[in-house]
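Chains as they are written, first to last, in the numbering used here: chain A, 1 to 494; chain B, 495 to 637; chain C, 638 to 815; chain D, 816 to 931.
None of these hints come from the bench; they were simulated from the model.
One thing to keep in mind: the hints can contain errors.
Distance condition first, Cα-Cα at most 20 Å in a straight line; then the derived SDA-like pairs of lysine to any residue [unchecked claim]: (1) A:Lys157 - D:Ser920; (2) A:Lys157 - D:Ala843; (3) A:Lys157 - D:Glu923; (4) B:Lys564 - A:Arg24; (5) A:Lys157 - D:Glu916; (6) C:Lys718 - D:Gly880.
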Amino acid sequence: MVDHLPALQVVLPLIAAPLIILVRHRGFAWLTTTAVSYACLVIAILLATRAGGGGAISYAIGSWQPPLGIEYRVDALSSFVLVLVSLTASFVAPYAHRSLGAEVARDRHYILYAMYCLCLAGLLGITITGDAFNIFVFLEISSLAMYVLIALGQSRKALVAAYQYMLMGTVGATFYVIGVGLLYLMTGTLNLADMAIRLQSVGDVRPVFAALAFITVGIGLKLALFPLHQWLPNAYAYAPSMVTAFVAATGTKVSVYVLLRFYFNVFDPAVVFEELPTRETFVVLSVAAMIVASLVALYEHDIKRLFAWSSVAQIGYVTLGIGLDNEAGLTGSISHLLNHGVTKGAIFVLLGGIVLRMGTARVTVDSIVGLGRRMPLTAFGLVIAGLSLIGVPGTAGFISKWYLITGALDRGMWWVVAAVVVSSIIAFAYVWRVVEAAYWRPPPAAAEPYGEAPAGMLVAALGMVALCVYFGFETSFSIGGAREAAHLLLGSAP
Amino acid sequence: MKSDIILRVIAKLLMPFTLIFALYVQFHGDFGPGGGFQAGVIAAAAVVFYSIIFGLEAGRRLVPGWVVEKVLATGVLVYAVTGLAGIALGGNYLDYFVLDADPVTGQHRGIFWVEVGVALTVSGVMIKLFYMFAGRSREPEDA
Amino acid sequence: METLTINVLLAVMAVTVTAMALQRNLFGVVVLFGIYSFLMATVLVALDAVDVAMTEAAVGAGVSTVLLLGALYLTGGTEAKPSRRPLLPLALSIAVGAVLVYGMLGLPGFSDPGAPIHVHVAPHYLEASVRETGVPNVVTAVLASYRGYDTLGETAVVFTAGIGVIALLRRRREKESR
Amino acid sequence: MSAIAGHFSYGITVFLMVAGLYILMARANLLKKLIGLALMQTSVYLLYIAPGKLIGGTAPIIAEGFERYSNPLPHVLILTAIVVGVATLALGLALVVRIREAYGSIEEDEILERED
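Please construct the entire structure, taking both the sequences and the accompanying hints into account.
Here it is in structure tokens:
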């Protein structure tokens with residue numbers, strides 16, 4: 001059975017979805033979703049331990065050897081992302097039960113769980129596959145599921161947000177297919193490893209360059225690469241809380257993985273980074289995201305939107321490492337996928353509790369006045385996760401930023417270091433606005449006291465908050481795994 | 495259109511032929527163009543046609559919405575479980591070679607069930623899409 | 638003769654699309670879309686992609702048109718006049734087109750038997766599919782067996798869309814109408 | 816002749832993609848945008864399938880008396896792409912219907928006006 005873990009990783013959530021629709025019972029749906037999420041986490045950890053040490057697991061689906069059939073391939077990088085996705089899923093799924101009850105009509109719950117399973121299957125499928133077209137198929141599964149999940153938000157604005165995301169996301173996916181098509185026409189294969197070998201002796205480089213451009217823009221739309229991020233703030237702000245928590249922690253991260261895979265393992269990195277201005281482009285766009293999006297967050301009143309804009313900025317940190325294109329930079333990028341994932345996941349999970357207790361989806365900075373007294377644990381969690389977002393030493397956010405700064409110094413880019421510091425100061429300012437409202441401003445006299453979030457939600461939330469601190473000290477997985485992945489990408493011995 | 499006798503008679507006559515054609519497309523897919531997807535669309539077209547002529551309610555009596563929902567979920571399950579059968583019998587996921595002592599027969603068996611799964615899901619989804627869009631009136635009446 | 642047929646059909650498709658861009662009556666646009674899909678299906682037959690053509694005729698001209706008409710009935714028929722001059726979209730689309738043209742200039746020639754796609758992977762399917770799977774329609778063999786996992790994903794995509802539409806459009810009071 | 820044919824089909828592919836993208840970005844009507852999106856997706860069919868054609872070849876259904884078959888792999892990929900396309904369209908249209916019910920309009924400008 002152990003040999004089949006790569007297939008089960010994706011097939012389990014994929015089978016759970018139709019089962020949930022068949023049984024059509026919300027309790028069953030919730031239990032199945034939770035069980036599947038935990039199972040996925042166990043499988044992902046097992047795969048990570050087996051694929052460690054520079055080895056890779058190859059699994060031929062249908063017993064057709066690649067490139068004839070579709071290959072699943074687990075290596076240091078993909079197993080890292082698999083753990084990230086299933087870790088988030090197993091925190092969010094058990095928490096969903098109470099949160100959804102308040103935000104989505106009851107007769108839609110089982111559908112929402114099915115969509116959640118499909119989204120999970122899609123994200124895991126993108127990560128684990130070694131086939132360019134298979135990536136597209138699973139990208140569409142996860143994307144369609146995400147559009148529906150977002151549209152199920154309470155406000156009518158959720159519909160418009162989902163529509164806009166759908167347009168931009170589908171354009172992105174179509175661009176990706178065009179890029180893959182050009183590569184296929186030049187190599188005759190769809191298997192990524194086979195493609196990489198055949199691209200070395202390709203007859204004409206023009207289609208390859210065009211493919212690079214299409215894949216960059218297409219995946220850039222999916223990962224909200226500045227300035228292709230317009231869909232993100234509204235999508236995160238108006239989706240149901242559990243959806244925001246899950247999507248914010250995983251969706252864009254998986255797209256970053258696809259981009260890394262293509263840049264370093266399919267295309268020739270020497271061409272991507274030496275012959276084309278990729279480095280400069282990524283550094284400039286990332287710095288712009290870090291500064292501009294943080295400034296927007298600073299002036300945002302709606303808290304969900306505030307943190308959504310902060311996500312755009314944080315994606316800037318992730319893409320910065322791609323632009324730096326050295327070991328420290330990539331280690332920073334890859335570990336930031338995880339570190340920012342748990343941080344933002346924790347924040348949105350906590351916000352879900354606030355939404356539940358306040359009874360409104362629109363939580364503004366002014367409306368959480370006195371939160372420190374009304375929901376002490378939630379407010380405390382927000383402070384810790386906020387510190388991680390800023391990158392204070394002792395939190396997860398600090399570790400990855402440290403590596404990014406080291407990477408920038410290795411390149412001699414002092415101005416990038418300055419930009420990271422400035423962006424962190426702005427992050428401090430917007431987190432402070434929330435903390436100040438929660439602790440220092442006196443609550444209005446007439447305010448009703450509302451209690452702490454339900455225990456089930458609080459456990460998930462504080463668990464993720466604990467991870468923010470845990471990954472700030474214990475870095476053997478977050479940095480160790482990321483460094484191994486960076487070695488893999490750069491093709492250097494560990 | 496509900497009162498047009500010619501249409502109603504033709505619709506009833508056409509129904510079995512459309513379904514037989516769907517079956518033909520389904521099972522002839524190994525030798526000619528066609529397969530589960532196309533067959534699913536054709537089968538769905540029969541139900542949609544019936545619903546257009548006799549009205550949505552009549553269509554829903556013939557094939558109730560909840561049945562359609564079960565069918566479209568069953569299709570994916572059939573496909574995915576065919577894959578698991580490969581593992582259970584000692585092969586990889588979606589490995590059809592092990593489904594029979596003779597590998598080529600095994601392939602046939604695997605492709606058969608997989609196409610059945612595709613046809614179920616596709617026909618179910620297409621009918622459901624029609625029900626959903628047609629069942630929505632122009633102005634939100636119960637808003 | 639083959640190429641001439643294909644080219645004429647392609648030219649008609651381009652004209653249809655231009656008409657769609659200019660037309661503001663959405664009903665007209667949807668009808669043109671149906672015509673366009675039929676033309677596409679015909680081109681696909683001429684390009685030997687019979688399975689794809691059959692699907693495009695059923696899906697593009699059939700399902701899509703019915704869905705568009707249904708949505709049109711529910712949303713109203715005419716498009717408002719654009720309020721701003723679409724210079725930026727025009728520039729962006731042309732830039733994207735230019736990149737695609739640049740890339741396509743380096744592609745192997747039309748119907749070149751030595752092109753990579755005709756010498757790698759695909760020949761194995763054509764040569765061995767009958768022996769390995771016993772299915773003479775190679776498209777079916779690749780679809781259901783060699784790349785059967787893609788098709789599982791595809792089924793899941795259809796399933797996702799179907800369930801998604803239920804989530805979006807099902808009426809509340811209908812929930813227990815079994 | 817065949818060289819011209821090849822470039823002609825590429826030219827139309829590019830035209831379809833640009834036209835679809837343009838309609839999608841320039842038009843404010845949500846339904847029309849979806850049609851633009853669908854056009855863009857169909858352009859991909861030609862990109863994949865036209866190069867798979869071999870002049871004098873036949874559909875890839877193995878039979879006695881034929882030697883030369885067009886490439887089956889692009890057909891399989893595009894079958895998937897068509898299905899994905901219609902799935903996206905269905906979902907998009909459902910969203911448009913709901914937006915129309917919630918806002919009373921499917922023109923982007925009017926919806927943005929009514930948001931606040």
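How the hints compare with the structure:
1. A:Lys157 - D:Ser920: holds, 13 Å
2. A:Lys157 - D:Ala843: Given that 20 Å is the threshold and the Cα spacing comes to 17 Å, the pair holds.
3. A:Lys157 - D:Glu923: It holds: about 13 Å lies between the C-alpha atoms, which stays within 20 Å.
4. B:Lys564 - A:Arg24: holds, 9 Å
5. A:Lys157 - D:Glu916: holds, 12 Å
6. C:Lys718 - D:Gly880: violated, 58 Å
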